[in-house]
Structure formats: structure tokens, C-alpha cells
Amino acid sequence: MNWGSWSEFFAMGGYALYVWGSYAVTAGLMVVELILLVLRRRGILNRFGGKS
Amino acid sequence: MSSGINWFKFSSPASFYPLAKKLAVGFGTLAVVFCAVGLYIGFFMAPTDHQQGESYRIIFIHVPAAWMSMFIYLVMAFWAGMGLAFNTRLSGMMASALAPTGAMFTFIALWTGSLWGKPTWGTWWVWDARLTSELILLFLYFGFLALQAAIDDPRRADRAGAVLALVGVVNVPIIYFSVKWWNTLHQGASVSLSSAPTMATTMLIGMLVMVFGFWFYSIAAVLMRARCIMLERERNSEWAAQYLESGA
Amino acid sequence: MIAGGVAALAVSAALVLSAFQKNLVFFFTPTQVAANEAPQGRTFRIGGLVAPGSVKRRSDGVTVQFVVTDTAQNIPVVYQGILPDLFREGKGVVTQGRLGPDGVFQASEVLAKHDENYMPPEAADALKQAHGNGLNAAQKTLVVPGSGR
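Protein chains in written order, with the working numbering: chain A, 1 to 52; chain B, 1 to 248; chain C, 1 to 149.
Hints were generated in silico from the structure; no laboratory data involved. Any given hint could turn out to be false.
To be verified - Computed spacing ranges between beta-carbons, pair by pair: (1) B:155 to A:43: 48 to 58 Å; (2) B:236 to A:27: 33 to 43 Å; (3) A:11 to B:192: 29 to 39 Å; (4) C:127 to A:8: 21 to 31 Å.
Where is the CB? At the ideal position from N, CA and C, for every residue including glycine.
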């Protein structure tokens, strides 16, 4: 195990800003992409689906 | 063409649409599993680096994202070329579905690279061949998306986009080999086909697991988008009407 | 229309490529500088290894001097500013600035160029002992592609 404690883990040896900045933006973009895809699909079903 | 029938069975949106859903669910599940395992290896099993300390842990998303940015472009150009050659409807839809995810991974590669470059190299950005060519890749994706958005007729948009995508393919080997062909600030490849990896094994395994995680994520996201595009474009056809009705 | 688009794109691709070849020579090695291949009278970058034992901080506290070497030629460098974390003796460096008439490179920016080896500190120590002083391993950083251009 690399980390003595959780605070050590979050500190990332002093590189917290860079490491977590990278991971947060990456995860955020992926989640947003999936949300947008679900919304796009709902929009299509609302516009063209149902009682057409 | 009769011998090609089996191969082309799924090249019609009507039969690909339900298949894409099953594949998206499957690959989406795999993506979650692989990313979870990859992150665990990357943060809790992989040791600290001798030069960079903990900042090197950005590698577990930077390299997979950079590989995906190039790989998705190649797949996009492949579908674009298929569309030009065989004039199949699905090809153009696949190319359009790939572009946003490819652009996203290109941005992630640049963003994480910048956040990695600051503490290690001492700068957020330099105009060296590797960084510049990766930035050109982002512009190629944006150009493809803008071009397609500007043309109303989907088939014409596909053809115009396909030409752009195919011409832009030259940039991919330039990105990949830039660190060999030119002096760059970016270091050479740690993992290549021609020589043994220059990474400790645990680090390498963590990175490769993340590569698979990102790969599966991309497949799932692209198939979800392809399903949307299929429904949008073919909403007046019989098969699409049926799915629009049931919402499946 | 499509043919015209192809032509325009091909031309722009060719322009980008030639810009690459001309302007993206990111740095010159000390050997190239000694052979007068580096541009005269304007800023450029030199790349190489920080010569072991050459880093000295002057008494004013902000000026650092060191020697950039490619093991064949050496260039003394003077710099005032913050050095990156990975700036180490025996490791790769790329620095931008101007070559003075006295042969001393006045640096305005110093960047660390690290290699592509990732390993835990214990493995690096073992490797260093096997190699003697670590310079041999670090030289990999320096291999300049296409320097016979």
C-alpha cells in the first residue's frame, strides 16, 4: 500500500492540484457525455415517438 | 455482391439498431469494471516514480486518452472511407457518432498533459511537435463536426466530412512518430511494438487496464450516439417508426 | 466541390507539414551550436543534459549557472528564475535564450526534459549502482532524431 492515511492519499505528494485536476475533468467530461446522450435520446423519443 | 450478404447484414441501420443496444450495455459494463480495477491498480498498487513522485499517476488517464484520441480518429476515417467507397448509410452515421467522443479524448489528452507538464517540465504548454500535432488533431475533429453541422443534407454532410476525415489521417502517424522524427520536449514512448516497455510492471498493467476501460467506454458511448443518429435520420422509415413507438 | 475541398485541404496539410519541418526544430544540441547550426542573434532553445557537478547558485541567490552537455560539447548557461521540479544534474534539460558573444547562454526559460522510464525509487537506485553514475541511462534522453538533417 502506498498511503499511510487518506489525507496523504488526497495530498498526492504535493501534486494534488495536478493529479486531481486531471482526474476530475476526465471523469466529469465522461459523465457529461453520457448525460447528454441520454437527454438526446429522450428528446428524439419526445419529438418523434409516441402518437406519431 | 451476393457473396457479401452475410458481412453486410448489420450494415443496415434496421438490423444494427437493436444489436447496438446490446453491445452498448455490454461494453458499458465492461468499461466500469476495467476503469475501477485500473484506478485501484494505479493509485493503490503502482509504486511511486523515482523521478516524478506522485505526479506521474496522471499517466493512467493521459496515455489511454491520447491513444483513444488517435485510435478513434483512425476508426472514424475507416468508416468515412467505407461510406465513400460503398455508399452505405450506416458508415456515415458511425463516423458522425465517433467524432464527439474522439474530440473529447483529444481534449482530455491535452488537458491532462498540461496539468502534468507544469509540475514536471515546468510549463503548461510548449509548441513542440508532439503537442502541436495533437492540437491539430483536436482541430480536425472540430472541423469535421462543424462541417457536418453546416450541411443540411445528411448524405452530403457525410461525404464532405469523409473527405476531411481521410485527408486528416496523415496527422495520426505524425503525432505518433513526432517524438522520434523531431526534437521534442515530450519524452519518447514508454510502450511500443518495437521494444520492451520502460515502465515498472505494475504501472504498465494499471495503464493497460485503463486503456481497455477507455476503449470499452468509447464503444459504449459511440454506439449510444449512433443509435440516436439512426433514429433521427431514419425516423420516417418503417423500422424506426416501430422503435419510436415502443421507445426501445 | 469535393475535389476543390480535397485540393484545399491537401495544400493546407502540406503547409502545416513544412511549418513543422522549419519551425518545430524544438531545440539544438550543444554540438549543433558549436557547429554554428543554431540561429545567430535571436533566441533559440538548447537541449541536453545538465552536466553533473556544474550547477552553482551565485551569491545573489537568484542567479543559477550550469552547463548543458551532450557529452561531446558543453555550453555554459546562466539563468535567473525558478527551476522546474525535475531539473537535476545528469538529467535532461531544454532551455530557451540567447547565446552571448562570450559563449555563455543567457537563459530566459528552463524546462526539464525527463525520460520515458517509470520505476519505483528502489529500482532506480539498483540501476544506478549497476551503471556507475547514472549518466549512461540518462543519455537516452538525448538521442536526437534526424540530426543528420
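29 to 39 Å as the expected CB spacing between residue 192 (chain B) and residue 11 (chain A), which holds or is violated: 33 Å Cβ-Cβ, so the 29 to 39 Å window holds.
Range hint 48 to 58 Å (beta carbons of residue 155 (chain B) and residue 43 (chain A)) holds or violated: violated, 23 Å
Assessment of proposed distance window 33 to 43 Å (beta carbons of residue 236 (chain B), residue 27 (chain A)): With Cβ atoms ~38 Å apart, the hint holds.
Range agreement (Cβ of residue 8 (chain A) with Cβ of residue 127 (chain C), hint 21 to 31 Å): Because 27 Å falls inside the window, the suggested range holds.
Checked against the numbered hints above, the structure violates only hint 1.
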